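Start from the sequences and build out the full structure, keeping to the hints where you can.
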Amino acid sequence: MRPMILATTLAALFALPAAAQQRPEVGRAADALREAVIGWRRDFHQHPELSNREQRTAAKVAEHLRSLGLQPQTGIAHHGVVAIIKGGKPGPRLALRADMDALPVTEQVDVPFASKATTTFNGQDTGVMHACGHDAHTAILMGVAQALVDMKDTLPGEVMLVFQPAEEGAPPGEDGGAQLLLEQGLFADFKPEAVFGLHVFSTVPVGSIALRAGPLMAASDRFDIHVTGRQTHGSRPWGGIDPVVAGAGIVNTLQTVVSRRTDIARLPAVVTVGVIRGGIRYNIIPDAVEMQGTLRTFDDGMRRAIIDDMRNVIEHSAAAQGATARLDLDEDAGNPVTYNDPALTARMLPSLHAVVGEDKVSESPLQMGAEDFSLYARQVPGLIFFVGSTAAGIDPATAPSNHSPLFHLDEGSLDVGLRALLQLTLDFQAGTTPGA
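Counting from 1, one number per residue, gives the positions in the sequence shown under the working numbering.
Quick caveat, the hints were computed from the structure, so don't treat them as lab data. From a predicted model like this one, the values you see are computed outputs, not experimental measurements. Each residue gets a CB set at the ideal place from its N, CA and C atoms; glycine is no exception. There's no promise every hint is true.
[Claimed, not checked] Simulated DEER-style distance windows between Cβ atoms:
#	residue 1	residue 2	range
1	Ala188	Thr228	40 to 48 Å
2	Val275	Trp238	48 to 56 Å
3	Ile284	Gln73	46 to 54 Å
4	Asp332	Gly431	35 to 43 Å
5	Asn252	Gly123	22 to 30 Å
[What the hints assert, rightly or not] Subject to a maximum C-alpha distance of 30 Å in a straight line, what follows is the list of computed BS3-like cross-link-like pairs (lysine-lysine):
#	residue 1	residue 2
6	Lys116	Lys60
7	Lys152	Lys60
8	Lys60	Lys86
9	Lys191	Lys86
10	Lys116	Lys191
11	Lys89	Lys152
12	Lys152	Lys86
13	Lys191	Lys152
14	Lys60	Lys191
The structure is reproduced here in structure tokens:
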């Protein structure tokens, strides 16, 4: 894991002189592509697909890239689509990444292109929704691809386009996402000098960008808890061992791992139980309860200490009720901390100023959300930034968050995202930044 350089902030970087000027070709491309990008995003939004199931999305992306004269590689990491744009001038290699998958969320946003898709997920019927904005990411990168192809004769170097499946995590028992792309040789023959990505974000107002040098988003782990009791009639609990009561005690006591055992004055951490499953009838105490949750941390030593404390709490809380419990967690899986290379961030910050203005680029606080973009950024210097998605007049602090059934994207964020990613790309490839 990369060192945690929390002292590296944008505050110092903001002092860098930059006569921020958006490239004229960026403005022309954004204006020409605005309606197309909106149309692509609405289409993907209306037809969302879960992780490792992005068949239609991948086909649409590949069709678009072929129409531009590119030769996309398909089927990598199940439904990934990768293409390389070769510029007409010598220059560096760069990778741009967009994720494509949706979430098992039933949409509650009243828009004409709202998702009506449904599926069965973890044994439950649910809707499917682009509640995290990956539809926007895919549409933006499709627009950037078209803009770069249109100017490829004057483009220095080569740009890899990575349309990634399963950023939200492959279903249990499956592989996927950035890890599988890398394992299947994404950077084997094309090793970029840097990788860029973006993420629309509800806590940032539309028209603004937020980012942070060094650690930006938390490392994430998924855990499973298995509680075993002894089944009995609900009217005589003394005849068995109640795993529901034991499980409830575990959920409550787990919260003390962070609140009472972890130095959160140094770095934040989160332990959340998101799934509890057990029992089949109202008057039967079941044999077992299964739980699933997530751990978020920014430091490897703190992470391992929390895992040890979790095991202790789980086993002893269950034993206090006469039950047994086991924590299952693959300590080699999960996403590492999403880390923005400080030097790359400093170099490219003026490019973001050029798009939205210095006063619209802010330093993001540490985010407890996780991103498998982090895996690319462990291979080469990486930079990912947040594009504001909450409409003017709505407080971003209280707006429905990413992953909410009410998550609503202001489509002005598509224009900002396209301009920002295109400006970053052209400046990086040219080896310059605005005002340099």
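- Item | Non-conforming hints, listed in increasing numerical order | Numbers 2 and 10 - these are the hints that the structure violates, sorted from lowest upward.
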